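Novice: In order, the protein sequence lines correspond to chains A and B.
Going by the numbering used here, 126 is the number at position 126 of the first sequence; the sequence numbering is gapless.
Going by the numbering used here, 598 is the number at position 220 of the second sequence; the sequence numbering is gapless.
None of these hints come from the bench; they were simulated from the model.
The structure displayed is predicted, hence computed values, not measured ones.
Glycine included, each C-beta is placed from N, C-alpha and C at the ideal position.
If you want the footprint, here are the derived chain A segments under chain B, 3+ residues with CB under 8 Å: (1) 6-13; (2) 277-288; (3) 293-307; (4) 365-375.
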Amino acid sequence: MRGILKLAYKLLVNDKAKFTALLVGNTFAVFGMMFATSMFSGVLYHSYSTVVNVGASMWIMDPAVQTTANSIGMPDYVLDAVRSMDGVKYAVPLYSGGALVKLADGTYQAVTVIGLDDASLFGRPELTEGAIEDIYAENGFVVVHDADFVKLGNPHIGSEFQLNDHRGTIVGIAKVSSSGLFGIPTLYTTFNRAIEYIPNPRYTTSYVLVEPKGPADVETIRQHVQALGYLALTRQEFMHRIKNFYIYQTGMGTNILIMTAISFIVGLSISGQTFFTFILENLERFGALKAIGTRGSELVGMVLFQATFTALTGYGLGIGLCTFLIAMAKLRLPDYFAMITFFNLGFALAMVLVIAAVSGYVGARRVLRVEPFDIFRG
Amino acid sequence: MTMATPAIKASGLMKSFGEGDAKTLALRSVDLEANFGEMVYIVGPSGSGKTTLLSVLSGILRPDAGSVSVEGVDIWSLSANRLADFRLNKIGFVFQDYHLFPRLTTAENVAIPLILKKKVWNESVKQATRFLDIVGLKTRAQLPPIKLSGGEQQRAAIARAIASDPDILIMDEPTASLDGDTGHSVVGFVHKNLLNQKRCIVVVTHDNRIFEFATRILKMEDGRIMAGNGGADVTAGER
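Pulled out of the complex, with its shape left as it was, chain B reads as follows (with noise of 0.2 Å):
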């Protein structure tokens, strides 16, 4: 696989829900494409698409049409359990309410990756504390998530999601439980710090204050992309 190959490319999209009168596209001839080294923002207003798209790239739900290739893998052609181990292998979530165990210790939290890939639990938990490092908690560690702040259980969701060392990290509207200016220094944060030439990080957000840290920004409209795919930037009036 080399840096040429896009990180993403999505090709002829197409995705409903209901039936009959019922029915919705959510989806309607979506193409995308993101490369390694680009922070990809997905924006649009509610119900356009956004999240579903983002779930149809990331593999966790079946396109009705098109295809998804992942660093040239058509993820959609993939057995179940490969897909899930593709996912585990080469995609990082962070989730809008975080979806941290509250019965776990912080640690145990960013670990899940890991103990996933059959690391030994007391190795995947210790390595999980650098990763704690890197985000800034590594003294929040042994504390269950309801103890830390709203940025705090961002950042170790954050933590998670790389814990694996993902190629693309997925972001759902990681400010919406923010307030602004921690929103504003946990993505800065990802820019500076996870952004790299291997790494491609598409984040679905309505927030225009972290506009300024994408490389793209790609307006989605009922189920459609209407502009900024292939590099056009709809919302540098916006920044």
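This is chain A alone, in the form it adopts within the complex (with noise of 0.2 Å):
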């Protein structure tokens, strides 16, 4: 078989314009697929940066919150409810909100601002530069040193900004594994720190961050916590409820699937297409090899064969043209979101293979209904 796969592979290599074609079909198709799910797999996962960054295992939240960007007040005896329950090893506040800060330079900066628990700091971020125990001085703020950090004007220990006509000075500087999905600097601060500074409708507590005692009391402190009229979700639930609104209710999931659906059939149809006309091209030599001998396993074999080549091909110059493109705009754009996940190379690599099969399937039909007779009529 090894021979009769060679043959095919130098039929199709050595017609130079239908490979290209071909290659070319495929690869878009892939770089298409890739690029919509690799922006879509960058935009979910900073959307839950916050989730991610903090690290709690149990989040407790009104159940009108959808994502982190949204946080609705809790009034305090929430805090303390939670804390009483049984299963609870310990309970903190956080705070999440947005504010416009003014540099030194006199411009506006939108920022995030993170309050710890003012007790634990459960949740803080890890240093580079500074101690933590500085978030506690007069004004004391961590700046995360992420793609937005820049945007604060490069802010060093000692740097000062105003909140809400409040001083606040940069104590450490701070790095995160996930940064933010809007593009704005994130600071970190005490949860009293930050409810002082920023204005506040009549609830403060924007989420309750709980430890269970044990995996089994997760499910007792959900029914608690229901009962109170709130939600309670274990981290992977919070950032799955995140996933879900960007994707069912943004109308980005659509979208992003409209575009991929495009990129599938446009490369179908080019490679389907190119495919098919290769196989008519030759089906003369298949016809000819037919009445020689080779067996209709075989001829599929070879159909097969090429169609699989000359997806593969396609899906590996479409990952490395998608790849190229990622590393070139984030060398311009650092937040770039584009992330490329094993779950996109799989989809594409099943849509690929899906292209194969298909074109496949067409030519193979062709090939074995062709009659070695028709080769003698010319």
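Both chains are given apart, each in its own frame, so use the hints to dock them into the complex.
Specialist: Here it is as structure tokens:
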């Protein structure tokens, strides 16, 4: 079979025009699908960055909350009630809100402010500069050094800014595993300073972060919280909820699906059409091979090999092109969201194999139907 | 298998195309016998059934009725795969339009039957060069067929047909695309170098300039062999 596959390979590759057209079709199909799904993966990953960075096991929130970007304040008694529940090891409040800071040069910049529990500083980021205790110092804020850091004028320890006429001082620089979705810098401070500096409605606790005593306690806590009229989610569940919000309630999922489908259809059309033309142009030769003594299964093997080889080569080129462009974009735009995941790679591979299967099936059907007698008749 | 066994023995071959009013009888109870060491020509006007007969004899077109034995094997009783293997091992084809693969070198084209026989690619191509040497094309081995003249392409097609060392060589209008001298020289070459007591060559042709190489000539008309079967030579006067 190896010799026959080499024959199939040579027939395919030596037809440079057709082979190029096939590769272009597959490459751009893969590129389109990869790019769309990579953008989506990037957006989703960054959309739950706060959940990842804070790292709490359970989050308690208002049932109307869909993402960390639109938290709804809860009364203080929720925190007290949760702390008294069976199965709760500890529970702390978290503030999450948006604000405008006035920089030293007089410009304003939107920021996300995370207020950590004053007593425990639970959910604090890892500092690369400064000491976490300094967050208790007067006006102390820790800034996250992510892609949006530059928007605060590349602050350093000691840099100052104004937040609602309050002075803020950078006391530490932190790193986090994931930056936010909306391209705005993140500041950490204590819970009490956050609610003092930022004008708030009556209720100020955005979330209650809970550490259960054990995995078995999660369900108990969930039921008790539900009885209070609030929602308790594990970290994974909250991330899933945010993901679902962006997929199903923003139209983003539908748009990505449409873009992916278009890429697939265009790729399938170009590759399928070109491959079928390639088969038609070589039909007489396949007929001659059949007359000489090639078995039907060998001819099908040749056609499937050609379709699969083209698809996989196009897949590799498409991935390469997508990776290259994302890398180039990240050089210019550090917070560029596109992210290639194993799921994206697997999805694009599955789709390109579908293209190969359809092209191969159509081609193989045609080749099997060719009559060597027609070769004799000319 | 002894040489006394006919290379090809066909009896009662019937074949029709189309249905109803459009039905055409291409073969009407054709009987034929061809022996080893013979170069049998099948001649006749267009539409007389020559190519249909050649296809039925070589195992690529199933007859409606009748049987074909090649070296004593009833080929139409074989399964599709076994028939394909039989063609590969026993029958060599020279097509009217050559049907060489333009994307392969001439040597690779000739190597195809060997590759189909599961021989290693490089070894097959090396062996193919020897067959090209036989037909005088060794120096053209690495060229694509498109760089060859018509006569050279025909000789390359012949080299491909004999690469699997077939007992039966089937040639369909071998001179149709060649000028008179080239056609004569190609068929003369086949007669001189490839016809032997272990091989039977069946040729379909219109070209009376190559009749001199025939051992026997069978004339077809309206799907029947009018004369010549069993040794009668219908065209002795035409030579």
